[in-house]
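There are 2 protein chains.
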Amino acid sequence: MTAARLGALDPTVFELAARRVMARCDELARITSTPGAITRVHLSPEHARVNRLAAEWMREAGLQTRQDAAGNQLGLLPAADPEAPVLMLGSHLDTVVDAGRYDGIVGVLMAIEVVRLLQRRDDDTSGVDAPARSPFDFGLEVAAFSDEEGARFGKALLGSSAVAGTWDDAWWELEDPDGTTLREAALEFGLDPGRVSEAARRPSELVGYLEAHIEQGPELHARGEPLAVVSSIASARRFQLVVEGEARHAGGTPYDMRRDALLGASEAALAVERICSTQHHIIGTVGQFEAFPGAMNIVPGEARFSLDLRGEFDGERDRVWDQISRELDDIMGRRRLRWHTREVHNAPALFCAPLLQDVVGEGIRSTLVPGSAVDGSILGSGRPEDPTTLFSPAGHDGMAIGAITDVGMLFMRNPDGVSHHPDEAVSLGDVALGIRALAEAVAHLGAEHRRT
Amino acid sequence: MTAARLGALDPTVFELAARRVMARCDELARITSTPGAITRVHLSPEHARVNRLAAEWMREAGLQTRQDAAGNQLGLLPAADPEAPVLMLGSHLDTVVDAGRYDGIVGVLMAIEVVRLLQRRDDDTSGVDAPARSPFDFGLEVAAFSDEEGARFGKALLGSSAVAGTWDDAWWELEDPDGTTLREAALEFGLDPGRVSEAARRPSELVGYLEAHIEQGPELHARGEPLAVVSSIASARRFQLVVEGEARHAGGTPYDMRRDALLGASEAALAVERICSTQHHIIGTVGQFEAFPGAMNIVPGEARFSLDLRGEFDGERDRVWDQISRELDDIMGRRRLRWHTREVHNAPALFCAPLLQDVVGEGIRSTLVPGSAVDGSILGSGRPEDPTTLFSPAGHDGMAIGAITDVGMLFMRNPDGVSHHPDEAVSLGDVALGIRALAEAVAHLGAEHRRT
Numbered sequence: 001m002t003a004a005r006l007g008a009l010d011p012t013v014f015e016l017a018a019r020r021v022m023a024r025c026d027e028l029a030r031i032t033s034t035p036g037a038i039t040r041v042h043l044s045p046e047h048a049r050v051n052r053l054a055a056e057w058m059r060e061a062g063l064q065t066r067q068d069a070a071g072n073q074l075g076l077l078p079a080a081d082p083e084a085p086v087l088m089l090g091s092h093l094d095t096v097v098d099a100g101r102y103d104g105i106v107g108v109l110m111a112i113e114v115v116r117l118l119q120r121r122d123d124d125t126s127g128v129d130a131p132a133r134s135p136f137d138f139g140l141e142v143a144a145f146s147d148e149e150g151a152r153f154g155k156a157l158l159g160s161s162a163v164a165g166t167w168d169d170a171w172w173e174l175e176d177p178d179g180t181t182l183r184e185a186a187l188e189f190g191l192d193p194g195r196v197s198e199a200a201r202r203p204s205e206l207v208g209y210l211e212a213h214i215e216q217g218p219e220l221h222a223r224g225e226p227l228a229v230v231s232s233i234a235s236a237r238r239f240q241l242v243v244e245g246e247a248r249h250a251g252g253t254p255y256d257m258r259r260d261a262l263l264g265a266s267e268a269a270l271a272v273e274r275i276c277s278t279q280h281h282i283i284g285t286v287g288q289f290e291a292f293p294g295a296m297n298i299v300p301g302e303a304r305f306s307l308d309l310r311g312e313f314d315g316e317r318d319r320v321w322d323q324i325s326r327e328l329d330d331i332m333g334r335r336r337l338r339w340h341t342r343e344v345h346n347a348p349a350l351f352c353a354p355l356l357q358d359v360v361g362e363g364i365r366s367t368l369v370p371g372s373a374v375d376g377s378i379l380g381s382g383r384p385e386d387p388t389t390l391f392s393p394a395g396h397d398g399m400a401i402g403a404i405t406d407v408g409m410l411f412m413r414n415p416d417g418v419s420h421h422p423d424e425a426v427s428l429g430d431v432a433l434g435i436r437a438l439a440e441a442v443a444h445l446g447a448e449h450r451r452t
Numbered sequence: 001m002t003a004a005r006l007g008a009l010d011p012t013v014f015e016l017a018a019r020r021v022m023a024r025c026d027e028l029a030r031i032t033s034t035p036g037a038i039t040r041v042h043l044s045p046e047h048a049r050v051n052r053l054a055a056e057w058m059r060e061a062g063l064q065t066r067q068d069a070a071g072n073q074l075g076l077l078p079a080a081d082p083e084a085p086v087l088m089l090g091s092h093l094d095t096v097v098d099a100g101r102y103d104g105i106v107g108v109l110m111a112i113e114v115v116r117l118l119q120r121r122d123d124d125t126s127g128v129d130a131p132a133r134s135p136f137d138f139g140l141e142v143a144a145f146s147d148e149e150g151a152r153f154g155k156a157l158l159g160s161s162a163v164a165g166t167w168d169d170a171w172w173e174l175e176d177p178d179g180t181t182l183r184e185a186a187l188e189f190g191l192d193p194g195r196v197s198e199a200a201r202r203p204s205e206l207v208g209y210l211e212a213h214i215e216q217g218p219e220l221h222a223r224g225e226p227l228a229v230v231s232s233i234a235s236a237r238r239f240q241l242v243v244e245g246e247a248r249h250a251g252g253t254p255y256d257m258r259r260d261a262l263l264g265a266s267e268a269a270l271a272v273e274r275i276c277s278t279q280h281h282i283i284g285t286v287g288q289f290e291a292f293p294g295a296m297n298i299v300p301g302e303a304r305f306s307l308d309l310r311g312e313f314d315g316e317r318d319r320v321w322d323q324i325s326r327e328l329d330d331i332m333g334r335r336r337l338r339w340h341t342r343e344v345h346n347a348p349a350l351f352c353a354p355l356l357q358d359v360v361g362e363g364i365r366s367t368l369v370p371g372s373a374v375d376g377s378i379l380g381s382g383r384p385e386d387p388t389t390l391f392s393p394a395g396h397d398g399m400a401i402g403a404i405t406d407v408g409m410l411f412m413r414n415p416d417g418v419s420h421h422p423d424e425a426v427s428l429g430d431v432a433l434g435i436r437a438l439a440e441a442v443a444h445l446g447a448e449h450r451r452t
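In the order they appear, the protein sequences are chains A and B. For the first sequence, position 80 (counting from the first letter as 1) is numbered 80 according to the working numbering, and the numbering increases by one without interruption. For the second sequence, position 116 (counting from the first letter as 1) is numbered 116 according to the working numbering, and the numbering increases by one without interruption.
The set of hints was computed from the structure by calculation and includes no laboratory data. Because the structure is a prediction, the values reported are computed rather than measured.
If you anchor each label on the Cβ, the simulated ranges turn out as follows: (1) B/Ala-37 - A/Ser-33: 27 to 37 Å; (2) A/Arg-326 - B/Glu-343: 32 to 42 Å; (3) B/Glu-27 - A/Glu-184: 34 to 44 Å; (4) A/Arg-326 - B/Glu-316: 36 to 46 Å; (5) A/Arg-338 - B/Arg-319: 35 to 45 Å; (6) B/Met-257 - A/Gly-194: 44 to 54 Å.
Just so you know, even glycine gets a beta-carbon here, dropped at the ideal spot from N, CA and C.
If we strip away everything but chain A, and leave its shape as in the complex, we get (with noise of 0.2 Å):
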């Protein structure tokens, strides 16, 4: 199949594939450990049955599916050489505490409808029952990660982290909020932990990594278009931090003899967003707060906070840490406190490779041609020829996958820039453009991998 057979196709199956990809959104917005709100962590019972899901949705497209050693879900399309590399295209099912119902989910169910549009049966000469193959050179393979918020062990990414083979075993101690290890969750949901190098790929099985996903942010909706090239992810660091004071009774002790923790740690917040709110492409979010021993009437003696920093650029982030735990040091000294921390996170900035940006922008640009648009209130408002490009300071699967090949990423609008809540959104117009725009990308790289 060539982008141009891809463009003759009935427009309205975009439709029909974007309208499944959002009721499955909400089926799955179902599958949650907190009734009334969507809550779904790594290895939970929640994880299981979205995995099966997600499964027989693969299966039901045509793919060949199994469950990877890190609990990812896969499902494979492959080429007509069972030899051949795959090009991978996905995201992760698993989501934030009370989260939205599209972030990394959307991209996992457009995944699979790109794939069903996109196969090939030889029914011609052998029947209607012969298995669907990759028309390119190149598998296609779905993936649903297991694990990229890392709501549960604080560690993000560990789905994707364990297919590109860059697993730490340390991380097995990791535990979460009740004191369960991340080894004895993978034990109770199946896994074993012994096995988790299996789930590494090697990058000579691979084409690279396309990935759609909401834009985490306002910049498509302000600028009035509905479809974005990714250049890079942010680079991410996380922090938990820790600051000791003395515990002191509320009312006998006098503000000169306080030690107060709480007070130290609120400075600390109000310093990291001043420092980093006057950065280009610097953002650093407090998530997490706590003060013990946590009485009405106790002075805090110590409190804990998180740090997530982010920047388009790794020097610059790290220049920016540099200055935030100068003015942690001044404000703990003048205040009689102690402070430390524990890096919990660290990724570089991911570049997506020119050829999967250009892929995408080629899929964009068939797609918003006027005329081939599904929704016509947004035909001639997209600017085909240039393509939105932008950064993305959220963090994606793509960061892990980075490792071992090639990243592409396509952004969809998202109205009102909200995510990691249950506003979250993305129209049914907009998706049926990014399962184009998608399909057309893997369609233009198919082109470009038999050109080469």
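Guided by the hints, dock chain B onto chain A, whose structure is given.
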């Protein structure tokens, strides 16, 4: 028994009594829900255990014991006239989380020793088995209150409020951190919530209430004095505050689109410190603080924190709360956040009764006259002619009991001013002086009472 007769006792009896008190403080410290630390909250299994032990010690000292309908442990030494009112002596046996071993506890154990020292048996005529009785026109009753700290249900003074007849049935619905209501906890403890009013005492039943307590600050230590008369107990209000913003993705949400509840709450905590620290005898403390949903990669949409606000005078304290409220309006308005609060405790300042201040002062004077002190090292460092008088920024059971009777308090020196912390301390010598001063105070009151 008169003050003069008490003064004729061998001073070593006070040291022996103090040794028993210190040993029992150590024994009670081992009854905790948190091994390695001291935590003993209202209506817990540990509460039941310390009540049983206190009752045993009370009986061993000749008292008639009972546990009242609010879980307070009481021990009575009746007067010759069984209808006579009683002077209540005591404090509380509950603790904050990760507490010291003296706050409250030492006052209960000292009261037992004082009653043991003062009691009379009519053994001259009727033999050794005659029951002990008060030598005064009033009975003596030791009260070990069940809840002063409020560590479990947020509301402090539950035990003494029941005794004061100021119980509010709305409190039954208060929840502990596990979601157990006060009603459920009472039932589980074996109490009948419908009968809590039976714990209430009438003003006519009481002569007054006297309590010995460690100072929860550094003032006596700084002055080099072992004991002080307490003039008043701080007025206190406690609030639970909620800040509401919007949970957003930590990577994708630019600073100008954020409504970060944690940063608003951090500013609020610092504002409390800034406002209160410039006032005389006003102390505000943020002891609890939590952010939600509490994930590293989500901008917090909600933050909850507590405020404990104390002052020597109610009006001054309320004026400062108004100032804090206006500051919160400013902060939250600027950050596009909402805030609301629930007041969980409001106690007016309690002024100790002039007569009880006088007898406590007499008790200290009688104790610290040169030659009578137990601990020679302290001798002469006090100023017996003019006992130190201190305001108590910390709350005490007298705040509740003050609703039905006169209150008097005696403070003992606290070497580092530390309280609500494992390092809380008081010396054996100061406890011995305290026991003597409290016994002398009761004897002086007995003499006063006879005169009137």
